[in-house]
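Peer 1: Add chain B to chain A, keeping to what the hints say.
2 protein chains.
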Amino acid sequence: MSAPISFEAPRGMRDFYPEDMVWRNRIFDAWRAAAERFGFKNYDACVVESLELLQRKSGEEVSEQIYAFEDKSGRKLALRPEMTPTLARMVAARQSRLPFPIKWYTMAQCFRYERMTRGRKREHYQLNMDIIGSDEILCEAEILGAAVAAMREMGLPDTAWHIHVSSRALLGELLAKSGIPQDQHPAVFIALDKRGKISDEEIASLLRNEGLNDEAIAKTFELLAVTSLEGAAALAGEDSPALADLRKLFAMADEMGYGEILMFDIAVIRGLSYYTGIVFEAFDAQRKFRAIFGGGRYDSLLALVGGQPTPAVGMGFGDVVVGEVLRDLLGETCPIQRDGYLIGYMTDEQRPAALKLTAKLRAEGHKVDLSLVAQKPKHFFGKSGNSSALEAIYIGPDDLTAGAVQVKNLETREQRTLAL
Amino acid sequence: MSAPISFEAPRGMRDFYPEDMVWRNRIFDAWRAAAERFGFKNYDACVVESLELLQRKSGEEVSEQIYAFEDKSGRKLALRPEMTPTLARMVAARQSRLPFPIKWYTMAQCFRYERMTRGRKREHYQLNMDIIGSDEILCEAEILGAAVAAMREMGLPDTAWHIHVSSRALLGELLAKSGIPQDQHPAVFIALDKRGKISDEEIASLLRNEGLNDEAIAKTFELLAVTSLEGAAALAGEDSPALADLRKLFAMADEMGYGEILMFDIAVIRGLSYYTGIVFEAFDAQRKFRAIFGGGRYDSLLALVGGQPTPAVGMGFGDVVVGEVLRDLLGETCPIQRDGYLIGYMTDEQRPAALKLTAKLRAEGHKVDLSLVAQKPKHFFGKSGNSSALEAIYIGPDDLTAGAVQVKNLETREQRTLAL
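Residue numbers (my numbering), protein chains in the order written: chain A, 1 to 420; chain B, 1 to 420.
Hints in this document: simulated from the structure, not taken from any laboratory. All the given hints hold, so there is nothing to weed out.
Identical copies look the same in the list; a pair holds intra-copy or inter-copy alike.
Listed below are the simulated SDA-like cross-link pairs for lysine to any residue, each with C-alpha atoms no more than 20 angstroms apart in a straight line:
1. LYS76 to GLN65
2. LYS356 to GLU36
3. LYS197 to VAL321
4. LYS383 to PRO99
The structure presented is a predicted model; accordingly, all values stated were derived computationally and were not measured.
Looking at chain A on its own, in the form it has when it is part of the complex:
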């Protein structure tokens, strides 16, 4: 025998035992149900992507965190850190024949090589929903509506969280009014996005490095003190197109029944630099956790990877943070949904009858967990406590003679008779 192997998953990677999958499937099922209900079509692509594509699009921070490798032909490949570059590639490849606007979703595994602090993982799954080919604000409203539907489907009450909404375009207008030239805006966005992670002094120093003078820096921080859409309107003016877009989104959210969840928050920036319009991030009401989901309008991405310029809105919704929020709110144990049958038998002589009954129930669409060995009734019912079945059927010699079995409800303990 050779040396023992570690039974642990590689560092930062997750194993999902059946009890973990109950949680994961709760999230995945809610994602799928919401996206389908909102008319998004499912797509997918391999987790292995060309490194060049990922580097072209990503901000520099992500680029350092990419798991890159070469295949045996020297091809430079990587495990994708996010789905959007792949989506842009797939859309660009068929740009002349796709029926725009398209509404697509996927649930994609993504990798980041991060320092392993505070239990952060190096891989996660992410629901991505995107609408490509329309500049209507209804796109933003549909995407946020689908995210709200997913949160409700998971059992999270509307009061437990908020969607913080801002607009890159609005902040751009306001920065321009403060005398900060357009070409400095991307750097300002990146600097402001670090707020909370580094001190305001450090941000000011970053802005100074970008060529902003002290007055412009002071004005930038003043903008961040705006706390309402009305406050923003006072600065931007009522004729601001970005303000009109935000107002439209809030009105639509009301009409679609989730206006209460939305709040204006000028501090939402989104780190990556490709957003162009409305941006949003969802947080638990107590701000105990990182962002649950986030996204926005990115009208210039397709051109960036080489496609035709095309308006687009998208969001990413990871499984890790929402899992933490769910457990924090609902407790560690995911409630069992009892379902189907547990079937046992006393000796091998009753096994053929058990097999036939099992096959019949399964053919009718029922879930049946069939005992793999003959068991005494005490042993069978003793183990039934661990089962997620709704009803238990035990077949003994007398049942075969009688041609009927007792069906025991494991929740209510009631019994009924079933003809064999």
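Peer 2: Same frame as chain A, now just chain B:
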């Protein structure tokens, strides 16, 4: 602007556009439904695995085909070529507290760095079902029964395919009776598995290299000429334990309603060397395609990765071959399942009413594809032909006045009235 990027997926990797996902989801949904109905519990693990674990278990052929790479700490990682080593690791890690026997399933992406011949891909998805901790032949019967249920769920008739069943243990008994010592059996299995890929002369030469004399080689080929369980019984003797196991499996398959699909086929070997008992492979009836699924009993794998010796049966069922079989049988176009609503509106004035109706229908659980822009009725109904919705609702100014809309069935063209 920099040089254009290729819009293709990396070589051997697959993109799934929505029309491809219809097929993929047909397969995945059938896998999930069948495994759940048979009482298997879902598990999963990251596609990145430690290289050492994969090399420990895999046959030499697979080992050369592994996508291996190092992370930035010099950890040797790989994209798994199969799920079984990961399953063995996860089970070994909790061997003292898992409620054996366990029935687990997963739908896992797996990678092989293969030569790109005849459209073979470098990644695929695989349903894995395993029962660990029981030596009952009912385990084999349950796993095959679940695979049959998945095939039926996909719409494949029972007559379109067969499960070829043999037994490593039986072949071992027969080889021993032919005077071939136990320690040469693994090499004989690997040589015989190459049948059909290389000539019988080349196999004979491989066997000669393993130390078999001409008589033993002739006897080995004689065994492969056995075509029925009765023929095998004549050679093995009625007291053969391996024969008894096979007979038990055929009887259970009859009782479970899939006996007609099973056939004895002594030529089924399974390349990888860790199988110990019954082995099986499914093929389309015309043998046009590669194996649809395969597996068997592997009682020594857990000990191989460092766990306690534990009996186990498992199978792998890839998405590529069954997809080819499905398309061959059912045609290239996956039939549309019409579902839900398509909603449009004439001007932005009707949009709030459309949004409210949409929100109401979605809250009731319906799928609604809402037009992102106001459209003339001609344009709206013209595009409805491409939709998979069952009913179309168009809201014009008169409908708002009337307080009711027409609902048009896109299949039957019938109309009904719905109050707003």
